[in-house]
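Residue numbers (my numbering), protein chains in the order written: chain G, 1 to 279; chain Z, 1 to 303; chain V, 1 to 353.
Since the hints were derived computationally from the structure, they do not count as laboratory data.
It is possible that some hints are incorrect.
Label-pair restraints from in silico Cβ distances [stated by the list, open to error]:
#	chain 1	residue 1	chain 2	residue 2	range
1	Z	Ser161	G	Trp24	25 to 35 Å
2	Z	Pro189	V	Glu195	31 to 41 Å
3	G	Phe264	Z	Trp213	31 to 41 Å
4	G	Thr175	Z	Pro112	47 to 57 Å
Ideal Cβ positions, reconstructed from N, Cα and C, are used throughout, including at glycine.
Take a look at the letters that make up each chain.
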Amino acid sequence: MTTSPASATVTVKRPVVRNRLVSWLIFGVVSLYFLIPLAATFYWSLRGMKDVLGFEAYRKLFADTNFLPAFSQSIVNAVATIFLSLLIVVPTAYWVTLRLPKLRPVVEFITLLPFVIPAVVLVFGIIRLYSAPPLLFTATYNSSRIVLIFVYVCLSFPYMFRSVDNGLRAIDVRTLTEAAQSLGANWGTILFRVIFPNLRVALLSGALLTFAIVIGELTIALYMAQHTLGPYMSDLTRSKVYEPSAMAIVAFAITWAAMGIIDFVGRGATRHVQMVEAD
Amino acid sequence: MKPNSSTNSQSVNSTVGGAKRPPRIPIGHWLGVLPFFVFSGLFLIGPTLNLAYRSFEGLDGGLTLNNYRQLASDTVMNAYGMSIKISLTTAILGGLIGFLVAWVVSMGGLPPRFRLITSTFSGVAANFAGVPLASAFVFTLGRVGLVTALFKAFGINLYKSGFSLYSFLGLTLVYLYFQIPLMVLTILPALDGLKREWREAAENLGATQIQYWRYVALPVLTPSILGTMILLFGNAFGAHATAYALTGGLFDLATLLIGRQISGDVLHNPGLGYAVAMGMVIIMAFSILIYSVLQRRSERWLK
Amino acid sequence: MSYLSISHVTKQFGDTVVVDDFNLDIEKGEFVSFLGPSGCGKTTTLRMVAGFEIPTAGKILLDGADITDKAPNQRNVGMIFQSYALFPNMTVAQNIGFGLSVRKESKEMVAQRVDEMISLINLEKHALKYPYQLSGGQQQRVSLARALAIHPQVLLLDEPLSALDAKIRVSLRAEIRAIQKKLGITAIFVTHDQEEALSISDRIVVMNSGLMEQVGTPFEIYNFPTTVFSANFVGSLNNASAEVVDPALSLISIDGVQFESAVDLKERKKGDKVRVAIRPERLSFASEQKKANVVDSIIENITFLGSVVRIRVKIGNTKFNMDTFNNPFLDLPKIGAVEQVTCSREAVLVLDE
Chain G
1 MTTSPASATV TVKRPVVRNR LVSWLIFGVV SLYFLIPLAA TFYWSLRGMK
51 DVLGFEAYRK LFADTNFLPA FSQSIVNAVA TIFLSLLIVV PTAYWVTLRL
101 PKLRPVVEFI TLLPFVIPAV VLVFGIIRLY SAPPLLFTAT YNSSRIVLIF
151 VYVCLSFPYM FRSVDNGLRA IDVRTLTEAA QSLGANWGTI LFRVIFPNLR
201 VALLSGALLT FAIVIGELTI ALYMAQHTLG PYMSDLTRSK VYEPSAMAIV
251 AFAITWAAMG IIDFVGRGAT RHVQMVEAD
Chain Z
1 MKPNSSTNSQ SVNSTVGGAK RPPRIPIGHW LGVLPFFVFS GLFLIGPTLN
51 LAYRSFEGLD GGLTLNNYRQ LASDTVMNAY GMSIKISLTT AILGGLIGFL
101 VAWVVSMGGL PPRFRLITST FSGVAANFAG VPLASAFVFT LGRVGLVTAL
151 FKAFGINLYK SGFSLYSFLG LTLVYLYFQI PLMVLTILPA LDGLKREWRE
201 AAENLGATQI QYWRYVALPV LTPSILGTMI LLFGNAFGAH ATAYALTGGL
251 FDLATLLIGR QISGDVLHNP GLGYAVAMGM VIIMAFSILI YSVLQRRSER
301 WLK
Chain V
1 MSYLSISHVT KQFGDTVVVD DFNLDIEKGE FVSFLGPSGC GKTTTLRMVA
51 GFEIPTAGKI LLDGADITDK APNQRNVGMI FQSYALFPNM TVAQNIGFGL
101 SVRKESKEMV AQRVDEMISL INLEKHALKY PYQLSGGQQQ RVSLARALAI
151 HPQVLLLDEP LSALDAKIRV SLRAEIRAIQ KKLGITAIFV THDQEEALSI
201 SDRIVVMNSG LMEQVGTPFE IYNFPTTVFS ANFVGSLNNA SAEVVDPALS
251 LISIDGVQFE SAVDLKERKK GDKVRVAIRP ERLSFASEQK KANVVDSIIE
301 NITFLGSVVR IRVKIGNTKF NMDTFNNPFL DLPKIGAVEQ VTCSREAVLV
351 LDE
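Build out the structure end to end from the sequences listed, making use of the hints.
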């Protein structure tokens with residue numbers, strides 16, 4: 001009385017198998033396109049010494065007298081950018097969610113602007129406005145550096161605002177605030193003991209994304225004559241043979257680390273939020 | 001218990017001050033958003049508006065449309081043309097390939113962890129533009145690159161047969177490295193938005209797989225696909241660092257032209273330089289606008 | 001031979017048996033509900049009829065033809081999903097016409113059928129709207145029209161009302177039943193809501209962890225449940241463990257309080273442990289002395305439920321719910337008072353432990 005399940009599985013499975021083959025093929029070819037440049041770069045980075053594969057190129061890179069200053073300057077710039085950006089964006093997003101919803105479209109529009117204004121156009125505008133009297137902000141290296149950081153802060157707005165805004169939405173900030181208020185908490189307590197801890201993941205991903213973008217930024221730093229990692233890497237490609245490959249691998253590793261952490265904590269967070277929703 | 005509404009301005013003041021006060025202009029509330037507006041005004045909007053204003057300034061200082069007329073000159077048109085050509089090509093190619101990859105990892109029957117790896121890697125690669133990316137391709141397809149050498153070993157001289165990394169084709173190949181991942185990242189959620197029930201309902205009503213894709217899935221995805229491709233267009237159009245690192249800023253691209261105009265007045269007319277920059281902003285604004293319109297429509301469908 | 005015959009159908013996912021030896025014959029024009037908690041296999045069974053799952057063993061015959069292994073798009077069955085599953089890129093009319101369009105029917109024929117269907121569900125004003133512009137109830141009606149447009153041999157409804165508001169749920173339920181009767185279409189309706197199943201069906205299949213517990217008309221299922229599960233799942237129920245006192249007279253005792261049942265207990269021996277079930281509405285205060293099954297009880301609690309007043313009484317050591325219809329002149333006893341309650345012999349159900 002039982003039918004033969006074999007015939008059923010065959011008729012159903014054949015197209016799936018063919019699909020899967022095509023899938024693997026597409027995935028394989030595209031993977032090659034993405035992996036070969038990395039592999040080639042890595043291979044070159046190991047050839048710093050004649051006839052032997054080794055980490056000589058990396059040693060030379062780190063020993064370069066210009067590398068560490070540029071690298072540390074970029075890190076300081078990135079950290080300063082993140083700090084300032086958080087300080088600006090968190091209250092903005094919180095206020096826009098809770099107190100001034102009418103401003104939301106304006107704020108969202110402004111956070112789109114960094115996508116509309118190409119970096120090269122922005123730096124063009126900055127230089128023409130602030131490198132001549134009456135607004136001579138870029139008179140010294142350090143004042144230029146401060147302007148650079150401020151520009152980076154603006155460039156981080158889209159990423160930072162979206163992260164924080166999503167974070168605020170996920171925790172239903174209005175209810176949390178009202179609950180805290182009804183329990184007698186003041187605004188400082190609400191922000192630092194209730195809102196911030198719940199936004200940790202959002203803040204972290206916004207910060208890391210900003211870091212990944214700022215750390216190797218070339219265009220703006222270049223035209224503002226800043227000795228940061230971007231211009232340094234650009235010079236390196238013209239002056240050295242093997243070090244640029246080591247540099248590219250290091251840069252890739254940094255980006256990978258930043259994105260990896262975002263993914264890792266992000267997954268934990270979505271799990272957490274889903275659990276809360278399921279209750 | 002007193003009502004705890006936070007929809008109006010009263011609760012902040014009343015909580016802090018204790019006593020209830022009549023509603024007034026909530027200056028305190030603006031403090032929270034003030035830094036945001038100051039920063040974006042000084043370092044984002046102001047400089048751009050300044051460029052916009054000066055793009056209407058003639059050489060004699062008066063207001064004129066002359067600079068915009070001169071956009072038609074060969075130097076500018078070549079740069080714009082190449083920028084648009086590369087942006088269009090990489091948007092379409094990147095869009096198609098990215099869509100295929102997203103489709104393959106989300107519903108092509110690959111093990112689920114490939115999807116995870118792909119989306120993480122895409123996050124990295126989409127942000128990997130600039131000098132390191134240019135270097136990576138130099139080491140791969142440059143004159144002494146590994147793949148170039150490999151081809152040579154098989155008797156094919158890439159550079160003698162017309163290929164160059166520092167050409168339209170080469171730049172396209174490099175740009176795809178961040179375009180494809182960006183497509184994957186934005187289109188994966190859209191693919192997830194396709195409900196299993198739609199496929200089943202279509203099948204149940206007698207549709208074949210192809211009919212389902214032709215009449216349901218693709219039309220539902222079209223706004224997302226088109227919108228993201230436009231986003232990719234803007235992404236390539238505004239890209240400067242990668243092309244600069246690859247070609248030393250000498251290639252015919254709108255961004256590189258502006259770069260040269262910053263360093264020294266290569267157009268011999270500052271006003272024209274501003275007009276070139278504003279032209280870019282206008283094109284970018286258009287693409288972002290179309291993108292957001294399409295995105296809104298697709299959200300309405302997929303929710 | 002019946003119209004739709006599901007015989008010895010079993011479905012396994014890996015080692016888990018989701019549906020175990022399902023057997024059911026459905027007549028043409030019959031409205032059958034699969035009722036059970038989530039995970040009982042009712043949806044899987046429905047999906048096997050639709051062709052989205054292939055049975056591990058068993059056969060499904062539709063109008064004499066074996067459709068067990070047929071692809072979903074080769075069967076002529078209409079399916080309605082809990083989430084409506086309307087195509088968001090198509091208007092109401094395009095959604096309804098989809099099944100006919102993919103069958104390459106002529107434009108005129110499709111248009112005519114779409115018009116028929118739209119007037120059937122009373123959505124003439126909304127024909128050119130998109131799904132997101134409609135309410136949930138309207139969307140589900142469109143999905144009903146879409147499924148019916150292809151003249152399906154069977155209509156399959158997978159919890160179609162679960163996503164809707166309580167009021168719409170009741171009115172759409174009636175509408176579905178009316179349309180089904182009008183068209184004389186055979187329908188299978190999957191639900192976890194017993195009230196829904198009782199009100200809409202010709203027959204109900206109660207399912208539990210992959211097994212069929214009981215098949216019968218709503219009347220039979222409610223009044224004569226054969227298993228503890230179907231007694232508990234359908235309607236609310238007082239449950240008590242009891243002991244057989246006299247098999248010949250069908251006498252049982254709950255904590256020493258004797259009840260007489262109409263169930264034949266001759267198969268059992270004195271002292272056998274059994275489970276006794278009495279529906280709350282079958283218990284009432286004893287007004288006349290002559291009735292059987294009159295016992296003393298203590299009033300423990302009274303809850304007002306709108307049309308019904310639920311009184312919690314203690315008989316022996318067991319607590320029972322007693323439902324009585326509300327009316328403004330109801331004379332309710334005091335809590336703690338001792339009152340006599342009663343129920344008919346037929347109300348005392350004896351189930352297997």
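Hint check:
Between Ser161 of chain Z and Trp24 of chain G the CB atoms are about 31 Å apart, so this pair conforms to the stated range of 25 to 35 Å. Hint check: Pro189 of chain Z to Glu195 of chain V, Cβ distance near 39 Å, so the stated range 31 to 41 Å holds. Separation of Phe264 of chain G from Trp213 of chain Z is about 35 Å and conforms to the stated range, judged on CB atoms against 31 to 41 Å. The hinted range of 47 to 57 Å is not satisfied by Thr175 of chain G and Pro112 of chain Z, whose Cβ atoms lie roughly 34 Å apart.
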